[in-house]
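Next come the chains, spelled out residue by residue.
There are 2 protein chains.
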Amino acid sequence: MFKFIENGSVTSVAGIKASGIHAGIKRKRKDLALIVSDEPCNVAGTFTLNKVKAAPLLVSQELISKGGKVRAILVNSGNANACTGDRGLSDALESQKYCSEKLGIDQSEVVISSTGVIGQYMPMHIIKTGINSIVGLLNYTDGIKAAKAIMTTDLVEKSFAVKVQLTTGEVTIGGIAKGSGMIMPNMATMLSFMTTDAEIETNFLKKLLLNSVNNSFNKISVDGDTSTNDMVVLMANGVSKIKVEENTENEELFFEALQAISIELAKMIVVDGEGATKLIEIAITGCNNDDDANTIARSISNSPLVKTAIYGSDANWGRILSAAGKSGVDFDPSLVEIKFDDMVILGKNYEHEFDEEEATAILSKKEIKISINLNAGSGSSTWWTCDFTENYIKINATYRS
Amino acid sequence: MFKFIENGSVTSVAGIKASGIHAGIKRKRKDLALIVSDEPCNVAGTFTLNKVKAAPLLVSQELISKGGKVRAILVNSGNANACTGDRGLSDALESQKYCSEKLGIDQSEVVISSTGVIGQYMPMHIIKTGINSIVGLLNYTDGIKAAKAIMTTDLVEKSFAVKVQLTTGEVTIGGIAKGSGMIMPNMATMLSFMTTDAEIETNFLKKLLLNSVNNSFNKISVDGDTSTNDMVVLMANGVSKIKVEENTENEELFFEALQAISIELAKMIVVDGEGATKLIEIAITGCNNDDDANTIARSISNSPLVKTAIYGSDANWGRILSAAGKSGVDFDPSLVEIKFDDMVILGKNYEHEFDEEEATAILSKKEIKISINLNAGSGSSTWWTCDFTENYIKINATYRS
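Chains as they are written, first to last, in the numbering used here: chain A, 69 to 469; chain B, 69 to 469.
Calculated directly from the structure, the hints in this document are not laboratory data. Careful: at least some of the hints might be erroneous.
Unchecked claim - Here are the computed lysine-lysine pairs in the DSS-like style, where the Cα-Cα straight-line distance is at most 27 Å: (1) A:LYS335 - B:LYS462; (2) A:LYS433 - B:LYS71; (3) B:LYS462 - B:LYS416; (4) B:LYS437 - A:LYS462; (5) A:LYS462 - B:LYS335; (6) A:LYS275 - A:LYS134; (7) B:LYS311 - B:LYS231; (8) A:LYS407 - B:LYS274; (9) B:LYS335 - B:LYS416; (10) B:LYS165 - A:LYS462; (11) A:LYS462 - B:LYS407; (12) B:LYS137 - A:LYS119; (13) B:LYS462 - A:LYS434; (14) B:LYS137 - B:LYS275; (15) B:LYS275 - B:LYS231; (16) B:LYS311 - B:LYS71; (17) B:LYS119 - A:LYS416; (18) B:LYS462 - A:LYS437; (19) B:LYS407 - A:LYS119; (20) A:LYS462 - B:LYS433; (21) B:LYS437 - A:LYS119.
Stated by the list, open to error - To give an idea of the chain A side of the interface with chain B (calculated C-beta under 10 Å), a few residues: (22) THR116; (23) GLY172; (24) ILE173; (25) SER402; (26) GLU419.
By construction, the Cβ of each residue, glycine as well, lies at the ideal position given by its N, Cα and C atoms.
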């Protein structure tokens, strides 16, 4: 049992302060976020699989892998501190150290993260002045300001929180995220920072996060690209004194809520995908196994031909079938059934006597569910993608990311 | 030693007739092509890896796999005869049979191929009327008409021929091809039909074709999609009486020419890619091995972020490096060097003190070479891709392929 909280965020969780400010890395918009827990937190993270990893990502990945407690997450937008070599690494460590000193905590308690332009050195004086300011502005309600400060080409901030009724009491999970281009799953693929006041042992927290990310952030696609900086971090401060342990009913209840908030954040990233006008759910069923279903869902979600057809509200089921076919998964195309929402578009043996106007009407909506049943087994996978529009091209032809 | 022939085509080869007509499958443009050899030919083919295979592709793939001789290639555009089930298969066989009867040859001597809309039955009366007409129009000069008749969203026909000086005399290779969306390599990925008057044993012809396709048609990318109908077929009629045999100097000379014509056809497909304004050569060197180089080249060639940046003439080397990084290949990013034409954009240790204006000037050209040296080994691979523009979206949002 869980319930989304109105205007929820990381600060909906007990003992979590945050803020977001304009430090000056970007010309106008907010560009520095800080999330701080009153109590030391167990922490779990997932990180980009890109071989090119940004300096702050390397620092945070190592820190989190050590299994120690953390207290803070410092994030800037406007500069990725990626491909910046030794100087980038020392800049990252300096930011971390400076922030820990201002907070009066240990350097190893500060997770750091950056997003923005690749290949430029961090303006360290701006970062430091920004840290000086933001530390004084931290409070128990400004999670949404942090959500705004981590945006790059995002048009809206992404922030949610859920109250979860466990068998032993109530806990809260809050989260913020940013997209919006360079989204293509495979481990963490964008930024998301989540907090909870549940008490969860570190290794188990990691397992919960990985499973949740695999069904949410790892199943979305905007353009098939994967960034150098992407990570998802979940901090558990235990302030509620309510435990979530493995193989208990609480595990199930907590995971369900964690997955729900992760999926909402992930879907919001897709909705806010660069140039996107539609959210498309790709639901694969009837595969030999879940892995095959996932491969097919990914192939369809990443197909420019499928994504442009949906942009044009064109009921081009041939492109969907063809995108499944090029995935490398073996299946019998003549058994495939395709539905748009509840309307059958393709039946077995390529039957497709559907009403074109009705199909166009469905595809003209803001949210569309495309179901593909391979009628071969019980494997399934659901992905979320967006349409591909002229605006994606415009944004990316000129933006120096 | 080889030389391209002005206005060359499949009919530049001795003993090859062809034509291309408007049969009526499409509203206005030519839509039916026929290539016929006076003498029976050895034949080799490569076919799409898409699990969804069009009926004519299945028929031709089986026919060619049997190793027998062929005399003709019948191709229509406007209708792919894909996802058409049993009726599609019987339509394909009927076209093949009808064509063979009109030519007075065996049904097994006719290769058939289709491209166009998926999921619609072939208008058999139009095909038959078309065959009746085209058989009477065949001649030794109209290869370019055939090239025009296989076009779909292509803006220009693709047709070349080369004269090859072998140690034992001169032979000719001619070829036509069509693109232009749904191009993403992995075995054959578009249509191309080639002819030669050299005398080449079937298994060896297959080896030559496969190697040539791997360095040309399999190394181009327009949008990362792979079609249900794509194939490359090479017919050798032996009319020159000049043999090309394995492990001879002639092999080397012939292969060099076959690869050159294949690369020219492949590059022309990229240049004519849907909405493309620029041809981009992606040359990877210094990899641990050729496979890794190929994987990295593919990843960069297919990256929407790289392709949109080049459209915007934005010297965004970070996206190139990031696209290499997401390929799954292990490498040290700090050793990577990137050049645009002869200009160093990125040196080792992420050095990038280049002149932005000069870089923009290079990226504003119609043809750009991007070289990426990983400085790790001697593996290399060259791909060709195009930029990604608003016109790609426009064409594909409305075209029912």
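- Message: Run through the hints listed earlier and report the numbers of any the structure violates, in increasing order.
- Response: Checked against the structure, the hints that fail are numbers 2, 3, 8, 9, 10, 12, 23 and 24, while the rest are satisfied.
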